[in-house]
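A.B. asks: Working from the sequences, and respecting the hints, build out all of it.
Protein sequence lines correspond, in order, to chains B and L. Take 1 as the starting number for the first sequence in my numbering and just add one per residue. Take 1 as the starting number for the second sequence in my numbering and just add one per residue.
Don't read these hints as lab results, they were simulated from the structure. Computed from a predicted model, the values in this text were never measured in an experiment. Each statement offered as a hint is correct.
If chains are identical, the list can't say which one is meant, so a pair holds when it fits in one copy or spans any two.
Calculated pairs, DMTMM-like style, for lysine to aspartate or glutamate (alpha carbon to alpha carbon, straight line, at most 25 Å):
#1 K43 / D67
#2 K183 / D169
#3 K43 / E59
#4 K124 / D158
2 protein chains.
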Amino acid sequence: MTRARLILITGMSGSGKTTLASYAEERGYEVTTMGDVIRDIAKERGLEPTPRNLGLIAEGIRREGGDAAVAERCIERMRRGGAAGFVVDGIRSLEEVDAFREAFTDILFIAVHSSPRTRFLRLKERGRSDDPGDWEAFSRRDRRELGFVVGSAMAMADFMIVNEGSLEDLRRAFEGLMERLDKE
Amino acid sequence: MTRARLILITGMSGSGKTTLASYAEERGYEVTTMGDVIRDIAKERGLEPTPRNLGLIAEGIRREGGDAAVAERCIERMRRGGAAGFVVDGIRSLEEVDAFREAFTDILFIAVHSSPRTRFLRLKERGRSDDPGDWEAFSRRDRRELGFVVGSAMAMADFMIVNEGSLEDLRRAFEGLMERLDKE
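C.D. replies: In structure tokens, the structure reads:
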């Protein structure tokens, strides 16, 4: 068992997970994303970290070891790091949460929710590689790829942060939560 | 298309759906639960509304007509009623939401979230027929029966209300949302 505090963040694409993780980072937490773990493996295997290679690796690991497999690689990575607090950005399923619960005692499992409309607009604005296309395409992918697993993780989160306002509102919600927990 | 406003409420067991629906009722909305629809059918068929009969009817309707089937019966029921605003307490899946979206233009799709711990304690306190048993039994049933479908609906809700505090807090969150929407 690791006694460091672990913050697990889940939420749909465009809901603000990475922003939340960055606020935790400012408080001294070390951030790991599930993508970092996959990039490590690409490096071990001498593969270029192209989106195609990373996708194939992630798929292979999940197929072989189930949903918890990436979580377990992530736990090893954190143990090597040895920080006093960690954040995992991008929890995708309850199986991952269970794997972390077996390794850490002090876990804050946080979901962040924004409406589909808000997330669509954010992703549009962000543009680049995660451009959601039009509303129909976004909605189809959103529901097919993520809704089922991520949704079931969100339903079971210990803390829900609603992110429909400004970045300042999101920061205030996060800091408020952290301060409340520190007092307990 | 029906021009009345329709509030759809989803959330896990013990999250506060029925309490939210009662606040809407105070504002003049007519409340229908998915259970009411099933009880109607039991009556039509001359069956006693025992939990066993109601369960079998619900299962049969969903098997024959898919997840949207109960929603469609619910829409017929509301059309006969003819109120200016309706609430459906207990949306279980996105398929149901889609069925309502085809019949109503003015929809507020609200999810209410409480942590598993909070919901467990509430159901314990409430006791009666929905006693959750011990934490392990609650957690298992919670995840198996509801998590997947209800969670995916929650992830796609237009509004998320967090219900971790008092009834007064919940009422304030709901009234605040309604007032904000009325101003738009």
